[in-house]
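Chains A and B supply the protein sequences, listed in that same order.
Just so we're aligned, residue 51 is where the first sequence starts under my numbering, counting upward by one.
Just so we're aligned, residue 7 is where the second sequence starts under my numbering, counting upward by one.
Among the hints, erroneous ones may be present.
Computed list of lysine-lysine pairs in DSBU-like fashion (alpha-carbon distance at most 35 Å, straight line) [claimed, not checked]: (1) LYS104/A - LYS242/A; (2) LYS155/B - LYS169/A; (3) LYS152/B - LYS169/A; (4) LYS245/A - LYS155/B.
Not close to chain B: a few residues of chain A, all C-beta gaps over 12 Å, as computed [claimed, not checked]: (5) ALA74; (6) ASN163; (7) ILE171; (8) TYR187; (9) ASP256; (10) VAL268.
Just so you have them, the derived chain B footprint on chain A, three or more residues with Cβ under 8 Å [claimed, not checked]: (11) 125-136; (12) 149-155; (13) 177-183.
Bear in mind the hints are in silico, worked out from the structure with no lab data behind them.
All of these numbers come straight from a predicted model, not from anything done at the bench.
We put the CB at the ideal spot given by N, CA and C, even for glycine.
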Amino acid sequence: MAEPLIRFEGVHFKYNPGTEREWAALQDISLDIYPGEFVAVLGHNGSGKSTLAKHCNGLLVPSSGRVLVAGLDTKDDAEIWQIRQTVGMVFQNPDNQLVATTVEEDVAFGPENLGIPSKEIQARVDEALRAVGMEAYRLHSPHQLSGGQKQRVAIAGMISMRPRCIVLDEPTAMLDPEGRREVMSTIHRLNKTEKITIVHITHHMDEVINADRVVIMVDGKIALHGTPKEVFSQVDLLRRLHLDVPQVTALSYRLRSRGHGLPEGIITVNEMVNCLCP
Amino acid sequence: MALFKSITIGQYIPGNSTIHRLDPRTKIIGTVLLIVLLFMVDTFWGYALAALAIAAIVHLSEIPPRLVLRGLRPLFVILLLTVSLHLFMTEGDPIFRFWIVEVTWQGLSRGIMMGVRLALLVMGTSLLTLTTSPINLTDGIEGLLKPGKRIGIPAHELAMMMTIALRFIPTLLEEAEKIMKAQMARGADFQGGGLLQRAKSLIPLLVPLFVNAFRRADELAIAMEARGYRGGEGRTKFKELHFGRRDAIALALAFGFVAVVGLLF
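Starting from the given sequences, assemble the full structure and let the hints guide the process.
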């Protein structure tokens, strides 16, 4: 397999170290994320998933252990801008990450910081807005947009920096169902067509079904890790961790415990239909 | 609730006139020149020529004169005060006397001249904001301050602050409205009572607004860092300002006009 794009090696992280409020947010995390993957990280509030996200581009650095991005250590201050260009990040609140007063100026913000000549910025802005389907809104100001649209603009602001990976920290948490659908289909499309590695952090179970891999975080540790099928086969363990499973998975679990011969790891309605009416 | 709907940011009127298309730096310098001119002239003809120049610019900008005149409305009290102070306080040949006040010919002419100067100042400077979008204005200010970087003027930082302020004004207004509604739902009263009572009733609005603003600032700073922001050093601009022939002509005209009128009248 190719060299991992992001590598966590025994990462520990403590907030407020040495004080009364010391809190170990990450404990012994080891995880490899490979180019082109779609990895979903799932967990409750306070499980350390946002802290994990902020380690991917050096916004936070490990208390011990290390994080490598394309072979560069995030603790190395000299490489930090290269790392931030490699791994882009989209945050939860769409309002608090847009800087400029128009959509196109905002998408241009990243390339401006990188010192790209203004002619090329124009091309990158066009390309990025097309990639998220927001080219019709280039002159709108952010407050005229819906939540889902703002989040797509924030994603475009990352794409214009041409990152190899985008980390999304609960990008759908503040959106309505329509906005969630927009954002989810956008990031899946970017993963498929632009081959951008996606790390998607969420607490919505249904948003991880189509991921290549699922990482479940509990109390700062990786509790479960595998393909969605592997992870959701373990209904008992997930229940013990107070995590939901997709509705069809729950249904098939209950049918199975009543003695129906259904296989484990049914996570979509289609699979369920195929199993019930072969 | 219509309370915040009436507030518009700046007073920019979009358009595509000659004045609109000038480089913002040209317009800022032109406005400064106009202010200088209005403090230099001291005769009837000087004011008349300055007024004529402003009228010509209004015409070129295709902005309805009514809008330019409307800018004077908030100034009405100050205008009245200025005129009457000069009218009553200047010594000279009396026109008439009433009790202890004395109105003089000199006072009348000074009062009118001061009033006209103030009115022209306001109309002239409002033309800048009427024809230049806030983004353009920010870029223009940054461009003009850039040479001052060597003596420690933080041009880029000031421009960035203005941009962020402009970006967040609508967001914060929306939030203020939301908080107000939430507090009213719990029985807060923002309308009644005297001045002190009303000021006090704003506390439940301002406290959450400020707390949220700080949280936003924090998150925005992280987001900006994640997007590679590290100050103005090594940064390029998406839309570069373009100082063209039109700007050179406009500036030459402005300088010439101010020199001739300012020195002769």
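Quick rundown of the hints versus the structure:
Distance restraint check for LYS104/A and LYS242/A: the Cα-Cα separation of roughly 24 Å lies within the 35 Å cut-off, and the hinted pair is therefore satisfied. Distance hint between LYS155/B and LYS169/A is fulfilled; the C-alpha atoms sit about 26 Å from each other, no more than 35 Å. Note on LYS152/B and LYS169/A: the hinted pairing holds, with a Cα-Cα distance of about 22 Å set against a maximum of 35 Å. Between LYS245/A and LYS155/B the alpha-carbon distance is near 43 Å, which puts this suggested pair outside the 35 Å criterion.
Non-interface status of ALA74/A relative to chain B is upheld: no Cβ of that chain comes within 12 Å, the nearest being about 21 Å off. Consistency note on ASN163/A: stated as away from chain B, yet its beta-carbon is not over 12 Å from all of that chain's, at 4 Å minimum. Not every Cβ of chain B is farther than 12 Å from the Cβ of ILE171/A; the closest lies at roughly 5 Å, contradicting the non-interface assignment. No beta-carbon of chain B is positioned within 12 Å of the beta-carbon of TYR187/A; the least distance is around 15 Å.
Even its closest Cβ contact with chain B, about 26 Å, leaves ASP256/A beyond 12 Å, as expected for a residue assigned away from the interface. A cut-off of 12 Å between C-beta atoms confirms that VAL268/A is not in contact with chain B; the least separation is 25 Å. For the stretch 125-136 of chain A, the stated coverage by chain B is satisfied: 3 residues place a CB nearer than 8 Å to a CB of that chain, which reaches the threshold of 3. Under the rule that three or more residues need a Cβ within less than 8 Å of chain B, the assignment of the stretch 149-155 of chain A holds, with 6 such residues.
Counting residues of the stretch 177-183 of chain A whose beta carbon lies closer than 8 Å to any beta carbon of chain B gives 0, which falls below the threshold of three, so the coverage claim is violated.
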